[in-house]
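Kindly produce the complete structure, drawing on both the sequences and the hints.
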Amino acid sequence: MMNKPTVLVVDDSVSIRKQVRAILEKQGYDVREAGNRIGMLNKLEEYGVPVTLVIMDLSLNAEHGFDLVRTLRETPGHSELPVIILTETADRMTVLTAKSLGVSGYIVKPVTADILLERCTTARNSEAHAAKKTKSSSSSGASDGGSG
Amino acid sequence: MLRKTEWVDMPTFQTETELDDETVVELYGVFLEELRDERARLKAALDVSDWTAGRKLVHNIKGISASYRAGRVLLGATMTDLLFKGGNNEAAGEKIPSVLEDMDSTIQSLEGLLERGGLDG
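Protein sequence lines, in the order shown, are assigned to chains A and B.
Residues 171 to 318 (the numbering used here) make up the first sequence, in order.
Residues 3 to 123 (the numbering used here) make up the second sequence, in order.
Honestly, the hints are just simulated from the structure, not real lab data.
Heads up, a few of these hints could be off.
The calculated DMTMM-like cross-link candidates involving lysine to aspartate or glutamate, where the alpha carbons are at most 25 Å apart (straight line), are [unchecked claim]:
(1) A:K213 x B:E36
(2) B:K58 x A:D182
(3) A:K279 x B:D11
(4) B:K6 x A:D284
(5) B:K45 x A:D182
(6) B:K58 x A:E258
(7) B:K87 x A:D261
(8) A:K279 x B:E117
(9) B:K58 x A:D261
(10) B:K45 x A:E258
(11) B:K87 x A:E203
(12) A:K196 x B:D11
(13) A:K196 x B:E8
(14) A:K196 x B:E96
(15) B:K6 x B:D49
(16) A:K174 x B:E18
(17) B:K97 x A:E258
(18) B:K58 x A:E203
(19) B:K87 x A:D237
Pulled a few chain A residues facing chain B out of the computed Cβ check, cut under 8 Å [claimed, not checked]:
(20) V184
(21) K188
(22) Q189
We put the beta carbon where it would ideally sit given N, CA and C, even for glycine.
As C-alpha cells, then:
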C-alpha cells in the first residue's frame, strides 16, 4: 500500500491550521500541525515518519517566516524539503526572498482548496523531478562519467 | 443550507474550501474560539497601549477574518493594520475599539449560527 504524503502545517493561528488540515485530509494527505519553530522541529522528528512537504505562514514580519525557512534549510535531513508559504501579500521582495530560499510556491490568503491543492501537487512533482534528476545524474556519473 | 449573515459568510467559505457542512461548522467553532481569545488579548493590549502586541494581534485578526469570511472584522482590522504599518500607532489605537465592537457582533452572530448548526432557520 502506498504511503499517504505527510504535510506539516506551521501557523500560529489554530483556525487556519485546521482549515488547511481539513482541505488536505479530504484529498488523502496525512497532516501534522505546529504553531511555532520549536513545534515545527519537533514534528519533523516525530515518530520517524518523513514529512514530504511543509506549509508555513509568513506571519506579521515576513523575515520571521523566512527565518523558519532558513532554519529548515539548515536542519540536517530536511534541508531539501519543499516549502509552500502562506502570505497576505505577494510583494516583489517577498517573492524574491522566497525564490532565493528555494521556496516551492506561495499562497496569498485566504486559502482556497483549488489553489492549495494545485500548489501541493506542483511542489511534490518538482521534488520528485529533482530527486529523479539527481538519481539519474549520479547513476550516469558512475557508469559513463557524466552526461551532457 | 449554510447561512450568510451581515457578519460572516459561511456559504462562500464552503464553496472555496470544498468542505461538507459538518466540517465547515466544526471549523467555525475553532474560529469562534480563536476570535474570542484574540478579542481578549487585543482589549488587554489596548488597555495598556501596547502597540507592539496590538499590531501583531490586529494582523492575525485580519488573517483569520479573511480566511473565515468575517467581512466587517476584516475591513476594520485591515484599516487598523495599515495605520500600524504606516507607523501611526496612536491613530491605529483609536480604531481598535471599533474593531473590538465588530468582533463582539461577529462572535454573537456566530454563537447564534452555530447553535443552529450553521443552518438557515
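Verification of the hints:
1. A:K213 x B:E36: holds, 23 Å
2. B:K58 x A:D182: holds, 11 Å
3. A:K279 x B:D11: holds, 16 Å
4. B:K6 x A:D284: holds, 22 Å
5. B:K45 x A:D182: With a Cα-Cα distance of about 19 Å, the restraint between K45 of chain B and D182 of chain A holds, given a limit of 25 Å.
6. B:K58 x A:E258: holds, 14 Å
7. B:K87 x A:D261: OK: K87 of chain B and D261 of chain A at ~15 Å, within 25 Å.
8. A:K279 x B:E117: violated, 28 Å
9. B:K58 x A:D261: With Cα atoms ~19 Å apart, K58 of chain B and D261 of chain A stay inside 25 Å; holds.
10. B:K45 x A:E258: Within the cut-off at roughly 24 Å; holds.
11. B:K87 x A:E203: Violated: K87 of chain B and E203 of chain A sit about 29 Å apart, past 25 Å.
12. A:K196 x B:D11: The given pair, whose Cα atoms are some 22 Å apart, holds under the 25 Å limit.
13. A:K196 x B:E8: Roughly 29 Å between the alpha carbons, so the hint for K196 of chain A and E8 of chain B is violated.
14. A:K196 x B:E96: violated, 43 Å
15. B:K6 x B:D49: violated, 33 Å
16. A:K174 x B:E18: holds, 24 Å
17. B:K97 x A:E258: Cα-Cα ~21 Å, so holds.
18. B:K58 x A:E203: At roughly 21 Å apart (the allowed maximum being 25 Å), E203 of chain A and K58 of chain B satisfy the hint.
19. B:K87 x A:D237: It holds: about 21 Å lies between the C-alpha atoms, which stays within 25 Å.
20. V184: Where the cut-off is 8 Å and the nearest Cβ of chain B is about 6 Å from V184 of chain A, the hint holds.
21. K188: Holds - the Cβ of K188 of chain A comes within 8 Å of chain B, reaching about 5 Å at its closest.
22. Q189: holds, 6 Å
Of the numbered hints given earlier, the model fails hints 8, 11, 13, 14, 15; all others are met.
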